[in-house]
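Chains R and E, in that order, are what the protein sequence lines are. The first sequence begins at 0 in numbering that gives the first Met the number 0 and counts up by one. The second sequence begins at 0 in numbering that gives the first Met the number 0 and counts up by one.
Keep in mind the hints are simulated off the structure, nothing from the lab. None of these values were measured; they are calculated from a predicted model. Even glycine gets a Cβ: it sits at the ideal position worked out from N, Cα and C. Errors might be hidden in some of the hints.
Pulled a few chain E residues facing chain R out of the computed Cβ check, cut under 7 Å [as the list claims (entries may be wrong)]:
#, residue
1, Asn219
2, Leu222
3, Thr223
4, Leu235
5, Pro239
6, Thr241
7, Thr386
To spell it out: a stretch of chain E is covered by chain R in this simulated footprint if at least three of its residues, at any positions, have a beta carbon under 8 Å from a beta carbon of chain R; those stretches are [said to hold, decoys possible]:
#, region
8, 188-200
9, 204-216
10, 375-385
Partial list, derived from the structure: chain R residues whose beta carbon lies under 8 Å from chain E [stated by the list, open to error]:
#, residue
11, Asn75
12, Arg78
13, Val95
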Amino acid sequence: MSEMDLRSSGDEPRVFVVDDDASVLDSIRLLLESVGLRAQTFLSASDFLETFDPDVTGCLVLDVRMPGMSGVELQNVLRERHATLPIIFLTAHGDVPMAVDAVKKGALDFIQKPFRDQDLLDRVQEAFRIHAERRRREAVRYEAEKRLTSLTPRERDVLEGVVQGKSNKRIARDLGISPRTVEIHRAHVMEKGEVSSVPELVKLVLNARE
Amino acid sequence: MPWRGPDPTLEQEPDPGGQTGKRPPGPGGSREHEDVSKTGRQEKTGRHERETPEVRPETTDVRDVRVRELHCLYGISHIVEGAGGSLRRILQGTVELLAQAFPLKPPVGARIILGHREVRSAHYRPGAWSHSAEIRVHGESRGSIEITCPDPPPSGRCGFGEDERRLVQAVAERLGHIAERLEAERRLQEHEAELRERLTHLTRVSTLGEMASNIAHEINQPLTAIASYAQACRRLLRSPSTDRDEILEVLSRIGDQAVRAGNIVQRLRTLVRKRSTSKASCDINACVEEIQPLFSADARLQDCQLRVELEEDLPRVHADGVQIQQVILNLIRNGIDAMEDNPPDQKILEIKTFAPDGRTVQISVTDRGSGLPEETEDQLFEPFFTTKEGGMGLGLSVSRSIMESHGGRIWFSSDRAGGTSFHLSLPIVPETTHE
């Protein structure tokens, strides 16, 4: 993805930068802005959390070691909130083990300070891509879930049987109802799920369960 | 035994061209010349005694001679005791004692040369009848004792007798031993001082070693900012709508950050460098400010708030700034450690400087830790006493010896609420010696 693509991308992803050093923040903001990225900076993890909007796409560039809430602690809080924002950790030389741990817990990567601009920009672009993908999948899942929540318990039972590849007769026997009733439930499920074929239905269920 | 005062004609004169020919091979160059025995009282009694012909007590009685010798050596021991290790005072006392040990008419003069020093008694006059003995220190000739008599001794004998020679020899040997001992003591003191300086340096370096990771972080921050600013500048310059002013502004920020990193490195180098104590007029507030980047990194990364209150226009003190910084750093680190288990809003360290009484400058470091257990209070400043895991137990003990070597003090007080304050005080330099 080129710089121009980033600049013109529709949903305007943002880079959130959290570091306790004002000069580091300022320089990173300038670097990001020099390639046309939108940057928002915070001097502490709690400052960031105060304004954090889970619906915004982008990524988080986070210093591992900070007074107050550390970068790793912020990562934990975001995980508890099921936030999908990818995290790029900034570390000093001595903090590498801490950063490796953070990556194991789902951070995208870590970069040692001081860093080459391209290293950071590459990670940021990768993070944007990953976040966009995560959000797209999230939207699909959300949509699938929404469609399926309106099913009655009996319809769910029938859906389960269909997804497992059982015939109407088999489902009817398993549930102790008539094949005709199964057929009616099945038609309702297809209607509520807004699908017209069994493969589409299976895909919808898989999306919802992702 | 009373002795005769000097005849005015016998006042000391410059050595007439080395006529004595017996000047011992002490190191050449300048010698201290100390006339030690001219007092008016002695002059007054001089005339009367001169008129009373006194027979020189012939030293036929061996016991008498021995007693005189012992008396003289005993006298020297007394002088040494009262001299407080000053070779000059020992030689002055001895030369007088020696001259008085010869109850001769006319009076005997004495001169002692030892190393660069030369002392003479009142009646010393070169070129007269003389006898001398070498002073040997560690087997090397370092000087001599000479006794002189202006006229041939009344007995008609040429020169001094066997007894006098023996006494001079005994005194020369005694002085040789004293010089050896003083030298050994001086070496020991030098050695001790060197050890103390090495220990001071060692504990300072070890403190900085413990802080190294935080200090490295503190240096890395401006470097990170510099790298990012520079890379941003490159990109800004490449863009078609180059904003000259913005780039100039960023370049000046790069400069600021480089200075910031340089300052930390500079502080560190000053503290780590091995150096001997050098005291000078010193601004305590500047001392604290210089090390602030070091301890504030420590405090920040341990979530500790610092409250630094430096009283303005603090009088200057005479001190080795680096050593005082070492003591302050040590107290600050102890204070931060003491609050390790405090809730974040109770991690507050206060650092104050002030002049409480016009005579001293005081530095106080106050923590809000759980206080010192009573039983540790007495041992706190003892070497190798520590409450920290992995601590050397030298910080406070070295701090105390630093403060004592500055004529200052270190002590602590406990807050009723639980915290502990450590205080340093240093005497103010009088106005006249201000820089």
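Now for the hints, and whether the structure bears them out:
no. : hint    : result
1   : Asn219  : holds (5 Å)
2   : Leu222  : holds (5 Å)
3   : Thr223  : holds (4 Å)
4   : Leu235  : holds (5 Å)
5   : Pro239  : violated (12 Å)
6   : Thr241  : violated (11 Å)
7   : Thr386  : violated (25 Å)
8   : 188-200 : violated (count 0)
9   : 204-216 : holds (count 3)
10  : 375-385 : violated (count 0)
11  : Asn75   : violated (17 Å)
12  : Arg78   : violated (22 Å)
13  : Val95   : violated (12 Å)
The structure is inconsistent with the numbered hints 5, 6, 7, 8, 10, 11, 12 and 13, although it conforms to all the rest.
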